[in-house]
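K.L.:
So the sequence lines, in the order shown, correspond to chains A and B. For the first sequence, numbering that gives the first Met the number 0 gives the first residue as 0, with consecutive numbering after it. For the second sequence, numbering that gives the first Met the number 0 gives the first residue as 0, with consecutive numbering after it.
Certain hints may be false.
Stated by the list, open to error - Taking CB as the label site, the calculated pair distances span: (1) Leu152(B) <-> Arg108(A): 26 to 34 Å; (2) Pro84(B) <-> Gly63(A): 29 to 37 Å; (3) Gly155(B) <-> Gly68(A): 34 to 42 Å; (4) Gly164(A) <-> Met85(B): 16 to 24 Å; (5) Tyr12(A) <-> Ser114(B): 22 to 30 Å; (6) Gly28(A) <-> Gly163(B): 53 to 61 Å; (7) Ile98(B) <-> Arg212(A): 45 to 53 Å; (8) Ser136(A) <-> Phe156(B): 28 to 36 Å; (9) Pro116(B) <-> Arg108(A): 53 to 61 Å; (10) Arg108(A) <-> Phe156(B): 34 to 42 Å; (11) Phe156(B) <-> Thr125(A): 55 to 63 Å; (12) Thr125(A) <-> Ile98(B): 45 to 53 Å; (13) Gly28(A) <-> Gly155(B): 17 to 25 Å; (14) Gly63(A) <-> Gly163(B): 34 to 42 Å.
Said to hold, decoys possible - With a straight-line cut-off of 20 Å between C-alpha atoms, the simulated SDA-like cross-links for lysine to any residue are: (15) Lys184(B) <-> Leu6(B); (16) Lys184(B) <-> Ser209(B); (17) Lys184(B) <-> Gln171(A); (18) Lys184(B) <-> Val33(B); (19) Lys184(B) <-> Gly9(B); (20) Lys184(B) <-> Pro256(B); (21) Lys184(B) <-> Ser104(A); (22) Lys184(B) <-> Ala220(A); (23) Lys184(B) <-> Arg73(A); (24) Lys184(B) <-> Val93(B); (25) Lys184(B) <-> Leu77(A); (26) Lys184(B) <-> Asp70(A); (27) Lys184(B) <-> Ala51(A); (28) Lys184(B) <-> Thr60(A); (29) Lys184(B) <-> Arg69(A); (30) Lys184(B) <-> Gly20(A); (31) Lys184(B) <-> Ile73(B); (32) Lys184(B) <-> Ala230(A); (33) Lys184(B) <-> Met262(B).
Claimed, not checked - Below, a sample of chain A positions facing chain B; criterion: calculated Cβ distance under 8 Å: (34) Ala75; (35) Arg76; (36) His81; (37) Glu87; (38) Val88; (39) Phe103; (40) Tyr134.
In short, the hints are calculated from the structure, not lab data. The beta-carbon is built from N, C-alpha and C at its ideal position, and this holds for glycine as well.
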Amino acid sequence: MALLELRNVETNYGPIQAVRGVSMQIEAGRIVTLLGGNGAGKTTVLKTISGAMDPSRGVVTFAGESIEGRDPDRIARLGIAHVPEGREVFPFLTVEENLRMGAFSRRDRGIDADLAMVYGYFPVLTELARRQAAYLSGGQQQMLAIGRALMLRPRLMLLDEPSLGLSPRLVQEIGTIVTRLNSEQGVTVLLVEQNARMALAIADYGYVMENGRIVMEDTCARLMQATDIQAFYLGQKEAGVRGVRRWKQRKTWR
Amino acid sequence: MEVFQLLVSGVSQGCVYGLIALGFVLIYKATEMVNFAQGDLMMVGAFMAVTFVNVLGMPFLSGVLAALVAMAVIGVVLERLLLRPMIGEPHFAVLMLTIGLGFVLRAIAGAIWGSNPRPLETPYSGRVLEIGELVIGFESIAIVGGTLLLCGLLFGFFRFTRLGIAMQAASQNQLAAYYVGIPVKRIYSLVWALSAVIATCAGILTAPVSLVDPLMGFIGIKAFAAAIVGGFGSLPGAIIGGLVVGLAEQFAGLYLPPGFADMSAYVILLVMLVLRPQGLFATMHRKKV
Numbered sequence: 000m001a002l003l004e005l006r007n008v009e010t011n012y013g014p015i016q017a018v019r020g021v022s023m024q025i026e027a028g029r030i031v032t033l034l035g036g037n038g039a040g041k042t043t044v045l046k047t048i049s050g051a052m053d054p055s056r057g058v059v060t061f062a063g064e065s066i067e068g069r070d071p072d073r074i075a076r077l078g079i080a081h082v083p084e085g086r087e088v089f090p091f092l093t094v095e096e097n098l099r100m101g102a103f104s105r106r107d108r109g110i111d112a113d114l115a116m117v118y119g120y121f122p123v124l125t126e127l128a129r130r131q132a133a134y135l136s137g138g139q140q141q142m143l144a145i146g147r148a149l150m151l152r153p154r155l156m157l158l159d160e161p162s163l164g165l166s167p168r169l170v171q172e173i174g175t176i177v178t179r180l181n182s183e184q185g186v187t188v189l190l191v192e193q194n195a196r197m198a199l200a201i202a203d204y205g206y207v208m209e210n211g212r213i214v215m216e217d218t219c220a221r222l223m224q225a226t227d228i229q230a231f232y233l234g235q236k237e238a239g240v241r242g243v244r245r246w247k248q249r250k251t252w253r
Numbered sequence: 000m001e002v003f004q005l006l007v008s009g010v011s012q013g014c015v016y017g018l019i020a021l022g023f024v025l026i027y028k029a030t031e032m033v034n035f036a037q038g039d040l041m042m043v044g045a046f047m048a049v050t051f052v053n054v055l056g057m058p059f060l061s062g063v064l065a066a067l068v069a070m071a072v073i074g075v076v077l078e079r080l081l082l083r084p085m086i087g088e089p090h091f092a093v094l095m096l097t098i099g100l101g102f103v104l105r106a107i108a109g110a111i112w113g114s115n116p117r118p119l120e121t122p123y124s125g126r127v128l129e130i131g132e133l134v135i136g137f138e139s140i141a142i143v144g145g146t147l148l149l150c151g152l153l154f155g156f157f158r159f160t161r162l163g164i165a166m167q168a169a170s171q172n173q174l175a176a177y178y179v180g181i182p183v184k185r186i187y188s189l190v191w192a193l194s195a196v197i198a199t200c201a202g203i204l205t206a207p208v209s210l211v212d213p214l215m216g217f218i219g220i221k222a223f224a225a226a227i228v229g230g231f232g233s234l235p236g237a238i239i240g241g242l243v244v245g246l247a248e249q250f251a252g253l254y255l256p257p258g259f260a261d262m263s264a265y266v267i268l269l270v271m272l273v274l275r276p277q278g279l280f281a282t283m284h285r286k287k288v
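Use the sequences and the hints to build the structure in full.
P.N.:
If you want it as C-alpha cells, here you go:
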C-alpha cells in the first residue's frame, strides 16, 4: 500500500482552480519528484497534502487514513513535515530554538539525540546554534528549514523548491543530503523542483504537472530520456532545430 | 522634593498604562488584531477581584489568584467565540468588534456590579512609607513591584519555556508554526488568556488607588498611546511607553495650565505618529503570512 495517495484532488483559490484532479501514489521509502513550470500547481498540491489548503474534491490518504481537510498542525503530528518554499524559518528565534520548535509535537526523550543527528547532517548549523535565524545566509536558512522538519521525525517530507536561489554547489549539497536522509533515516520524500536536473538525478519516480494536471509520470530514468523533458526541463537542444521552432513543437502529452 | 513625589506617582501610573499596553502588544503581535477592549478587560478583572475579596471574603492573595484564573478563562472564551470566526476578515471589522466588545463589557459590569466606584480591600491599603519628607503609598510600591515581578515572569516565560517560544514562533511565522505541528489556533486562545491575565494584574494593582467602576477601562486609550510610543511590536517598549505617558501626565499637571495633564497622552501620541511612527523601539519586523 502506498504511504501517501491522492485521488482526483481538486483545489481552488477562490474561483480559480489551481489543481484539477490530481492523482498520485507515493510508496514508502521512495524519493518522488513533482516537476512542472511556474504556476503548474505543484506548490498547491503540497499545501493540500499538508493541510494549509483544503481540497474541494478528492481524497488524500496517508498510511491508510484519509487526512484531507484537517488542520496543518494535526497533519504534521501524523508525521508529514512540510518544508515550504522560501525558507520559512522563525527569524527572531535562534537556530537551536528553531530546531527544537521542529520537535514541538513530540514528547519522547529522543529529542536531544535528534538534535545531534541534525547537527551531524548540517555541521555548519552547529557554529550558528546561538545566532538568530534572520542573520543566516539563504543556504543556511534552507538547511535550517530542512533540519527543523527532520526534528519532527517525519515519515514523509514535502520539500518545496529547496534549491531555489542557491548556488550550484549548494544545490548539489542539498541534493546529497536529501538522498542521505532517504537512505539513512528512511524518510520518504516528495520533492517539488524547478531544477529538474537535480530532481531527476536523486528521485526514483517522477510526475510532471502542467496547468493543474498530471500530464506524465514514469520512473526518473525513463523521464530523463523523454524528448520533451529534455527540451523543456533540462534545456537540451536537439541538433538542427532552431530555438524558436522548439517552442512550437507539440508535446507528446497533448 | 515635589519633583520626586511626582516621579513616584508618574512611574506607578505609568506601570499601569504599561501593563495594559503589554496586553495590546501581545495580542497584536500574535494575531495582528488590535483589541480595543483591553482596558475593559482590566475593568472586569478588577471587579472579579473585588467580588472574590470584598464580597466573598476570600483572603487577598487567593482572591487575586481566583480573579486571574477566572479572567484567563474569560479570555479564552472571548477568543473562541468572537475572535476566531473573524480570522481572515478585514482588520476594520475586527476593530469594530473589539470596540463593541468594550461597550458590552461595560454594560454587563454596570448591570452586575452597579456604577458606584468601589475600592478593592488590600492588606496594604492606606499604609505609607516615609523616607524623610518623602511619602510613598504602599499602593505605589505594590504597583511598581508587581509590574517588575510580572515583567520578570513574562521574560522568563517567553525566553525559556517551550510554550513561550512556541508563542513567539507562531507570531513570527504562522505558516511555519503550523508546519512544525504547533497548534496555532490554541496558541491564539492562550495569548488572549495571557493578555486578560496581564490586564487583570493592572486592574488589581491600580484598584486601591483609582477605585473600581465600569468606566475605569477608558484609561485603555492612554495605554494605547503608550503602546504606540513603544512601537506596538515590542514588549519592553510597551512598558517604557507606559512610563513616558505616566510621567508626562504628572509633570504636565504641575508645570502646564490645568487641563494639559489629561491631554498629554494624546499630544504624545500625535507627536509620535508624526515624527517617529515606528515608535521608540522599532523592531525590524516584517511579518509573513
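K.L.:
If a hint holds in the structure, say so; if it doesn't, say that too.
P.N.:
Here is what the structure says about each hint:
1. Leu152(B) <-> Arg108(A): 26 to 34 Å: Distance hint for leucine 152(B), arginine 108(A) holds at roughly 28 Å.
2. Pro84(B) <-> Gly63(A): 29 to 37 Å: 33 Å, holds
3. Gly155(B) <-> Gly68(A): 34 to 42 Å: 39 Å, holds
4. Gly164(A) <-> Met85(B): 16 to 24 Å: For glycine 164(A) and methionine 85(B) the Cβ distance comes to about 36 Å; the hint is violated.
5. Tyr12(A) <-> Ser114(B): 22 to 30 Å: Between tyrosine 12(A) and serine 114(B), where Cβ atoms are some 51 Å apart, the hint is violated.
6. Gly28(A) <-> Gly163(B): 53 to 61 Å: 38 Å, violated
7. Ile98(B) <-> Arg212(A): 45 to 53 Å: 48 Å, holds
8. Ser136(A) <-> Phe156(B): 28 to 36 Å: 31 Å, holds
9. Pro116(B) <-> Arg108(A): 53 to 61 Å: Hint holds: Cβ distance 55 Å, inside 53 to 61 Å.
10. Arg108(A) <-> Phe156(B): 34 to 42 Å: 24 Å, violated
11. Phe156(B) <-> Thr125(A): 55 to 63 Å: 28 Å, violated
12. Thr125(A) <-> Ile98(B): 45 to 53 Å: The hinted range 45 to 53 Å holds for threonine 125(A) and isoleucine 98(B), with Cβ atoms some 50 Å apart.
13. Gly28(A) <-> Gly155(B): 17 to 25 Å: Cβ of glycine 28(A) to Cβ of glycine 155(B): about 44 Å, so the range 17 to 25 Å is violated.
14. Gly63(A) <-> Gly163(B): 34 to 42 Å: 37 Å, holds
15. Lys184(B) <-> Leu6(B): Since the Cα atoms of lysine 184(B) and leucine 6(B) sit roughly 42 Å apart, the hinted pair is violated (cutoff 20 Å).
16. Lys184(B) <-> Ser209(B): Not satisfied, since the Cα-Cα distance of roughly 36 Å exceeds 20 Å.
17. Lys184(B) <-> Gln171(A): Given pair lysine 184(B), glutamine 171(A) is violated - Cα atoms ~38 Å apart, limit 20 Å.
18. Lys184(B) <-> Val33(B): 17 Å, holds
19. Lys184(B) <-> Gly9(B): 38 Å, violated
20. Lys184(B) <-> Pro256(B): It is violated: about 49 Å lies between the C-alpha atoms, which goes past 20 Å.
21. Lys184(B) <-> Ser104(A): Measuring from Cα to Cα gives roughly 15 Å; hence the hint holds.
22. Lys184(B) <-> Ala220(A): The given pair, whose Cα atoms are some 44 Å apart, is violated under the 20 Å limit.
23. Lys184(B) <-> Arg73(A): Since the Cα atoms of lysine 184(B) and arginine 73(A) sit roughly 11 Å apart, the hinted pair holds (cutoff 20 Å).
24. Lys184(B) <-> Val93(B): Roughly 17 Å between the alpha carbons, so the hint for lysine 184(B) and valine 93(B) holds.
25. Lys184(B) <-> Leu77(A): 18 Å, holds
26. Lys184(B) <-> Asp70(A): Roughly 10 Å separates the two Cα atoms, so the pair holds.
27. Lys184(B) <-> Ala51(A): Roughly 13 Å separates the two Cα atoms, so the pair holds.
28. Lys184(B) <-> Thr60(A): Distance ~24 Å between lysine 184(B) and threonine 60(A) Cα, so the pair is violated.
29. Lys184(B) <-> Arg69(A): Between lysine 184(B) and arginine 69(A) the Cα gap is close to 13 Å, so the pair holds against 20 Å.
30. Lys184(B) <-> Gly20(A): 30 Å, violated
31. Lys184(B) <-> Ile73(B): 16 Å, holds
32. Lys184(B) <-> Ala230(A): 46 Å, violated
33. Lys184(B) <-> Met262(B): Not OK: lysine 184(B) and methionine 262(B) at ~39 Å, beyond 20 Å, violated.
34. Ala75: Holds. Min distance 4 Å.
35. Arg76: 5 Å, holds
36. His81: 4 Å, holds
37. Glu87: With a minimum Cβ separation of about 4 Å from chain B (threshold 8 Å), the hint on glutamate 87(A) holds.
38. Val88: 7 Å, holds
39. Phe103: 5 Å, holds
40. Tyr134: Because about 11 Å separates tyrosine 134(A) from the closest Cβ in chain B, which is outside the 8 Å limit, the hint is violated.
In the structure shown, a violation is registered for the earlier hints numbered 4, 5, 6, 10, 11, 13, 15, 16, 17, 19, 20, 22, 28, 30, 32, 33 and 40, in ascending order.
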